[in-house]
Amino acid sequence: MTIDERFSRDFREDRGEEPEGTRNPIVTGPVSDWATDFSHLEPEWAADPYPIQDNLRQQCPIAHTDRFGGGWLPTRYADVAEISYDTERFSSRSIIMSNFRPPRETAPVGGSPPISSDPPFHHDARKLLLPAFTKTAVARLEPGTRALCHSLIDDFGGQDVVDAARDYAQHIPMRVIADMLGFPADDAPQFRQFVENTLEGVNLPPEERIARMSALFDYLLEQIHDHIDNPRDDLTTFLINAELYGRKLEPSHVAGTMALLLIAGIDTTWSAIGASLWHLAKEQADRERLAAEPALLPTAMEEFLRAYAPVTMARLVKNDMQWNGVDMKADDWILLSFPAANRDPAQFDRAADVVIDRQVNRHAAFGLGIHRCVGSHLARMELRVALEVWLARIPDFTLADPSAVTWSTGQIRGPRTLPLRIS
Amino acid sequence: MKVRIDSELCQGHGRCYDLAPGLFGDDDEGYGQVLGDGILPPSEEQAARLAVANCPERAIELVEES
Chain A
1 MTIDERFSRD FREDRGEEPE GTRNPIVTGP VSDWATDFSH LEPEWAADPY
51 PIQDNLRQQC PIAHTDRFGG GWLPTRYADV AEISYDTERF SSRSIIMSNF
101 RPPRETAPVG GSPPISSDPP FHHDARKLLL PAFTKTAVAR LEPGTRALCH
151 SLIDDFGGQD VVDAARDYAQ HIPMRVIADM LGFPADDAPQ FRQFVENTLE
201 GVNLPPEERI ARMSALFDYL LEQIHDHIDN PRDDLTTFLI NAELYGRKLE
251 PSHVAGTMAL LLIAGIDTTW SAIGASLWHL AKEQADRERL AAEPALLPTA
301 MEEFLRAYAP VTMARLVKND MQWNGVDMKA DDWILLSFPA ANRDPAQFDR
351 AADVVIDRQV NRHAAFGLGI HRCVGSHLAR MELRVALEVW LARIPDFTLA
401 DPSAVTWSTG QIRGPRTLPL RIS
Chain B
1 MKVRIDSELC QGHGRCYDLA PGLFGDDDEG YGQVLGDGIL PPSEEQAARL
51 AVANCPERAI ELVEES
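Protein chains in written order, with the numbering used here: chain A, 1 to 423; chain B, 1 to 66.
The following block holds chain A by itself, in its conformation from the complex (with noise of 0.2 Å):
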């Protein structure tokens, strides 16, 4: 047995009781104006989010919010595009809109490197990991994710109606992750647990958020200890292995870039292919043609993400300043929405409608500039074999009944229940 003194006591048990830094009230229920309270957390906003920032793009096109103890939300790809780049005024030192924000000492470094990172020590942490994602390492993990969606639909047997979002796409990603980390495949089903909490419980009162962090992060302790007594070739490994700066990681890091891969590996990629399969089930000229047309499917998909983009991030505002006619104040959060950027007409042509051979995507369903989605390889890569897979097996399929689809609330968007008719 080796002896890793970092990993000997828990890390946690230095900070104290409570994390430090600022809470503010949780304020919820319906949203009276979206300019001037929006809320990502409220259940109009989940069932469909894009009327809402359409009519802020035309007519705001910053709304704000106090909520949250305060933040904006941009809905121009310019501005959002412009948030992306300036790493000088908006820290990524929280990325999840709450109501708690971390302590501002917590920067450059975050709770959950690199995405929670500033320069300079982002560019750090993040080069550590950028081999284990890149095209051409993915692509090793490719047969196995084939087999893997075969053997989720071989799983349907003759039933009539299944549920895509639960009984296939939700499974992809995490097997892949946990794959790639070195966790048994057996604990699946609490990943979506430690996924939820994470990106679900933002209105939670902060001891239940606390007490519901506490259980991902005393998993990641057990795996840890787990791969310091066995090591092996996964990411594990490597993280408790790697250097920076001449030394091993402070164990916070090793397990806040865990955290990271573990909840922004499954549930971003599970929406993403939802999503799709919840386009292509109500739009049966799409289906039919990408079910004749598989070459088309990665031109498709890019559209699928242009156009149902999960992912939106948030920023901290540095320091007081007007910025874009909006008078921001320090600790202001930024709700940084990549699909709100992404259906803006002054960007794409035909931004609103969903077309499945849209030659130019500059779409931002990955983010822009220096947080690009390290995943984003690997995710592409599950979407295209999901939706190839899928076509294959079942070219014909329909929405069983539209209103059961339900979709998850909060910074990541995809459906969570999806009856589809499959014969």
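No lab work stands behind these hints, which were simulated from the structure alone. Even for Gly, the Cβ is constructed at its ideal location relative to N, Cα and C. Be aware that one or more of the hints could be misleading.
[Said to hold, decoys possible] Covered by chain A, per the in silico footprint, the following chain B stretches (three or more residues, Cβ under 8 Å):
#	segment
1	10 to 19
2	28 to 42
3	54 to 60
Dock chain B against chain A, hints included.
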């Protein structure tokens, strides 16, 4: 005509090597690289224009050879 990648702008989205694999490849960290001398054969012109039109960072240029 030649293709060029501005490495200051490239963030490794990989649209160029997806859409024009005859002209672009990825390096060990996933950033785009021009293969060979970057001189654009007529047969690759369409692919090159697609790569330009789909780079989210606008990092790819077609330049006239001087």
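Outcome of the hint check:
Residues of the segment 10 to 19 of chain B lying with their CB closer than 8 Å to a CB of chain A number 6, which satisfies the three-residue condition for coverage. Only residues whose beta carbon comes within less than 8 Å of a beta carbon in chain A count, and the segment 28 to 42 of chain B has 3; three or more means the coverage holds. Under a criterion of three residues with beta carbons nearer than 8 Å to beta carbons of chain A, the stated coverage of the segment 54 to 60 of chain B is upheld, 5 such residues being counted.
Violated hints: none; the structure is consistent with every hint.
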